[in-house]
Amino acid sequence: AATSRFEADGMSSRQRGVGEHARVRRVVLCLVATCYLAAFVSLFADYRGLFGAGGILPAKSLLNRAADATVRITGGRSTLLDRLRTFPTLLWLHEVFGVTVDTLAESILLLGSVLS
1 AATSRFEADG MSSRQRGVGE HARVRRVVLC LVATCYLAAF VSLFADYRGL FGAGGILPAK
61 SLLNRAADAT VRITGGRSTL LDRLRTFPTL LWLHEVFGVT VDTLAESILL LGSVLS
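Per our numbering, the sequence shown runs over residues 1 to 116.
Heads up, a few of these hints could be off.
Claimed, not checked - Straight-line distance between alpha carbons at most 20 Å, and here's what the computed EDC-like set of lysine to aspartate or glutamate pairs gives:
| hint | residue 1 | residue 2 |
| --- | --- | --- |
| 1 | K60 | D46 |
| 2 | K60 | E95 |
| 3 | K60 | D82 |
| 4 | K60 | D102 |
| 5 | K60 | E106 |
What the hints assert, rightly or not - Quick list of the computed label-pair ranges, beta carbon to beta carbon:
| hint | residue 1 | residue 2 | range |
| --- | --- | --- | --- |
| 6 | L81 | R25 | 30 to 40 Å |
| 7 | V96 | I73 | 20 to 30 Å |
| 8 | F44 | F97 | 12 to 22 Å |
| 9 | D68 | R26 | 39 to 49 Å |
Don't read these hints as lab results, they were simulated from the structure.
This structure is a prediction, so every number in the text was calculated from the model and none was measured.
For every residue, glycine included, the Cβ atom is placed at its ideal position computed from N, Cα and C.
Work out the full structure: start from the sequences and follow the hints.
This is how it looks when you write it as structure tokens:
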């Protein structure tokens, strides 16, 4: 009977594939990280024109509308947790950190670029 290369090397079925595709896995992860980097850098470059204070759809006005919707949905409450449930975004934390929405958004984009 023909034996596989793994059986000839004394490798069990559990050891098959471990490390076999490490190079391919590394290349795929680098490509995914590159896609994330491109997305974060691209949005950082376009953020002010799209979502900045003078942009097409300012993030602050979007958050204000979401806060108004939260008040309507919850019957008058608008806590941070309520707003996060209505419109889940890290931008709600601008009040916690004491910065503007644009500053927090650009910081998140820079952090995403560095981490990718």
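Hint check results:
no., hint, result
1, K60 to D46, "holds (16 Å)"
2, K60 to E95, "holds (12 Å)"
3, K60 to D82, "holds (17 Å)"
4, K60 to D102, "holds (8 Å)"
5, K60 to E106, "holds (13 Å)"
6, L81 to R25: 30 to 40 Å, "holds (39 Å)"
7, V96 to I73: 20 to 30 Å, "holds (22 Å)"
8, F44 to F97: 12 to 22 Å, "holds (18 Å)"
9, D68 to R26: 39 to 49 Å, "holds (48 Å)"
In the structure shown, no violation is registered for any of the earlier numbered hints.
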